[in-house]
Structures are given as C-alpha cells and as structure tokens.
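Take the sequences, apply the hints, and build the full model.
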Amino acid sequence: MSISKFSSTFARVGAATAALLAPAVAFAQEAAPAAAAAPVPDKGDTAFMFISTILVLFMLVPGLALFYGGLVRAKNMLSVLMQCTMIGAVVMLIWVIYGYSFAFGGSDSPYWGGTAKMFLSGVSTATTAATFSKDVVIPEFIFMLFQMTFAAITPALIVGAFAERIKFSAAVVFCALWATFVYFPIAHMVWDANGMLFKMGALDFAGGTVVHINAGVAGIVGALLVGKRTGYGKDMMAPHSMTLTMVGASMLWVGWFGFNAGSNLEASGGAMLATVNTFIATAAAIVSWSVVETLARGKASMLGGASGMVAGLVAITPAAGIAGPMGAIVMGLLVSPLCYFFVSVVKNKFGYDDTADVFGVHCVGGIFGAIATGVFASASLGGVGYVEGVTMGSQVIVQLTAVLTTIIWCGVGSAILYKIVDVAIGLRVPVEAEREGLDLASHGEAAYHS
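Our numbering applies: residue -13 is where the sequence shown begins, and numbers increase by one.
Hints are supplied without guarantee of correctness; some may be wrong.
Cβ pair distances, simulated, as ranges [what the hints assert, rightly or not]:
| no. | residue 1 | residue 2 | range |
| --- | --- | --- | --- |
| 1 | 284 | 102 | 52 to 62 Å |
| 2 | 102 | 221 | 45 to 55 Å |
| 3 | 287 | 411 | 29 to 39 Å |
| 4 | 255 | 102 | 25 to 35 Å |
The list that follows gives simulated cross-link-like pairs (lysine-lysine, DSSO-like), each with its CA atoms no further than 27 Å apart [to be verified]:
| no. | residue 1 | residue 2 |
| --- | --- | --- |
| 5 | 333 | 285 |
| 6 | 185 | 120 |
| 7 | 214 | 405 |
| 8 | 333 | 220 |
| 9 | 214 | 335 |
| 10 | 335 | 285 |
| 11 | 29 | 120 |
| 12 | 61 | 185 |
| 13 | 214 | 120 |
| 14 | 333 | 61 |
| 15 | 335 | 220 |
| 16 | 405 | 335 |
| 17 | 220 | 285 |
No lab work stands behind these hints, which were simulated from the structure alone. Note that the Cβ used here is the ideal one computed from N, Cα and C, for glycine as well.
Pasting the structure below:
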C-alpha cells in the first residue's frame, strides 16, 4: 500500500499516531513492491473518442437521412427522415437498457454478452474500457456511447431498401427487434474478446460484417418480403433531389472518419492510418465508379459519384486500420465496378425493388471489403501484417467464415422478424396511402409546398 493512501488516515489520527505508524509503513514498502497503479484514461484519447462519437451521430442525422431522403420521391421525403430519426432514437434507448450488456456485458458466451450490464449496471465515471494497446484505457462511458452510435445507424441503413411503402410503425418495431436479435449478437461475436468470430481471428476494424453486410442482408430480405413499390417499373421513380443526396453523402464521408478512425479507440498512429485510408479508398471508388459509368452509359452522373463514395467507404471500413494506403486505393478501385454491376445488372435481372440499393452497395461492398481485408492485411502489401502462424490463405478463410456466419444469422433472423411484424401489425401501407405519399399519409405533413 502506498504512502499516499495513508495520508488521509494520518490527518485523522493526528501527528502522534502518524509518527508511530511511519516506520511500519516504510518497512512495508521496502519489504514488498508497490502494487501497479491502475491505468488512467488519457484526456487526449478521451477527447478523440468524444469527437468520433459525435461524428458517427452526424452520419445518421442528418447524413444518412438526407442521403436517403434525396433518393426517394418528393412525397416520401419526410417519411424517410422520420424513420431514420425515430429508429436511431429508439435503438439508443434500447442500447443503454440492455443492448450494451447483450453485446459487451462480459459473458463468456461466444454468442452474447449476458445481462450483467443491463441498465448500465456497474458502468460509472470511474470504470474504463480497454483499447488495443497494453495499459491504455478510455472511460467506459465513451466506449459505450461510441458503440451506441454504431448500433443506432446500422438498422437505419436498412430503411433504404424498403423506403416508400412500409408502415412507419412496422419499420420502427422491426428495427428494434432486429437490433436485439441480430445486431447485438453479431457485434458480440465479432468485437467482444469472448465472441466466436473474434476468437477465430476475424478482422473487422470498423464494421464490414457487423454493420454493412448485416444491414445489407436485412435490406434485401425486407425488399423481397415487403414487395415492390406500386407502379415499380412503370411509373417514374427517379430521385427527387440529387442535391440533397449529395449533401447527405458528403456528411456521411465526413462522419465516417469518426466511424473508422474512432474504431482505433485511441488517438494513435492506427487512427491516422484509418484516416488516410478513409480519404483515399473513397476517392479511388468515386473515380472508379465514374469511369465505369462513363464507359457503360456514356456519362458520369452525380448519383454514380455519390454511390461510388458510399461504396468506397463501405469497402474500406473493415480494413481501415489494417490495410496500407496503396492497398486501400486498390480496394476503392475494385469495389465500384462490382457494386455497379449489382445495382445496374443484377437488380434489373432479378427485378427486386431495393429503393436505395442497400444490398448492392452495403452488402456487396461489405462482402468485398471483408474478404479483401484478409488479403491487404499482408505486410508484403503494405498492411499491418498477420499474427504469428497466420497466412494470407488462412486469414481469407476466416474472413469468409465471418461473412457466411453474418449472412446466415442475419438472413434467417431478419426473415423471421419481418414475418412476426407482418402478422402483428402489417408491413405495408395501403395502396391509396402509397400513391398519396407517406409524408401526408403517415405523418400528416409535406416536405415541400408549391
């Protein structure tokens, strides 16, 4: 026990007693080494994580909301804004009540975190969370909040797949259930030290599997089960405001620095590597999408530029702090042609109505990014390298296992939850409401007035 811990006792018992105890204290300190002091959060790391957390919130509102809002027709603008806002708010409340515990509650289970931290039990200003560096910690409150923003934005991503025809109540209830039974377990499996995929060595720096594949799979399942929009393939359904979509996409890119760099959990070189990669992989994907679109259609569109922007961000997310800068550029260049093929060829071939291409960009881009992370993690390609005994081939197999696990868990779980919501309250609005527009039919207000 250190002399500092005795100081308050000395003050209480008086100088005489202190004089008697001093020799004993000195002897004890010489006889046994002092206990190692508990790590204390660095204020710089704490401030960095605070800013990162706020940036991820900025991705959701207003970023994602405006991005999706611009992609739908004018009569459905507010419905998308409201869905993103309400889903985010509901999941934030769920997270602090039981979601944080289910994901990071300290359970030895490979599938969920248990109930020990429900209602934030045991979480206080004095508790800390570990980072990737030995004896470096951050306040547990900021770790909890950072992860909360991830949990809030992920189900909101799903909205883009079935926008313009789902009931507001159905969207909110489904996303609350989905976060509980799909997102929290996957987050635990991938990011918690006791998680199944974490122990297997799966690499997912900032959410390729947890966020993008997860949301993309739920999106395509929803698009199929909710059904096509009335008049799909016949009526004009072009985005009503590419200006707002551009604004939203730009906000997503800015916020994504919190998403990717913040996942390093400390303001170190790893966070700066993630920042570099978030810049240049995205830039490469924008250029790549525009080139492919010019070759295929003769013109590069703003919709394509925004789509390439998001595709690049999605692809680099799992590799942000793992791949080297040149590897990040290659990932950005490769992901856009792949996603373009899915949103322009595969979607038309199979005729599914994925309003904002959640599957074609988030799921396909996320799958590519997760697998490519196993390749570009190689030190020979500029990455941070593998742990001892792991080869590129074995790491790619682990990455494929994580991808397939996410697809199956999310696909089956989402289908069940959609059916439950459909039976309980119904998924779709009436045809009359859909034709009128969800802004007026569901919310009694309009985004624009002529």
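*When you check the alpha-carbon spacing of residue 333 and residue 285, does it fall within 27 Å?*
holds (20 Å)
*Range hint 29 to 39 Å: satisfied by the CB atoms of residue 287 and residue 411?*
Given about 38 Å between the Cβ atoms, the range holds.
*Hint consistency between residue 335 and residue 285 [alpha-carbon to alpha-carbon, up to 27 Å]*: holds (22 Å)
*asked:* Would the hint linking residue 405 and residue 335 be met if the CA-CA limit is 27 Å?
replied: holds (26 Å)
*Given pair status - residue 335, residue 214, alpha carbons within 27 Å*: holds (15 Å)
*Is the hinted pair residue 214 and residue 405 satisfied, with a Cα-Cα distance of at most 27 Å?*
Judged against 27 Å, a Cα distance of about 17 Å means the pair holds.
*Would you check the hint for residue 185 and residue 120, treating anything up to 27 Å between C-alpha atoms as holding?*
holds (18 Å)
_Given the hinted pair residue 220 and residue 285, is their Cα-Cα distance within 27 Å?_
holds (24 Å)
_residue 333 paired with residue 220 [C-alpha distance capped at 27 Å]_ = Distance ~16 Å between residue 333 and residue 220 Cα, so the pair holds.
_C-beta pair residue 284, residue 102: status relative to the range 52 to 62 Å that was hinted_ = With Cβ atoms ~59 Å apart, the hint holds.
_residue 221 and residue 102 - C-beta distance against the hinted 45 to 55 Å_ = holds (52 Å)
_A range of 25 to 35 Å was offered for this pair. Does it hold for the Cβ distance of residue 255 and residue 102?_
holds (34 Å)
The earlier numbered hints that this structure contradicts are 12, 13.
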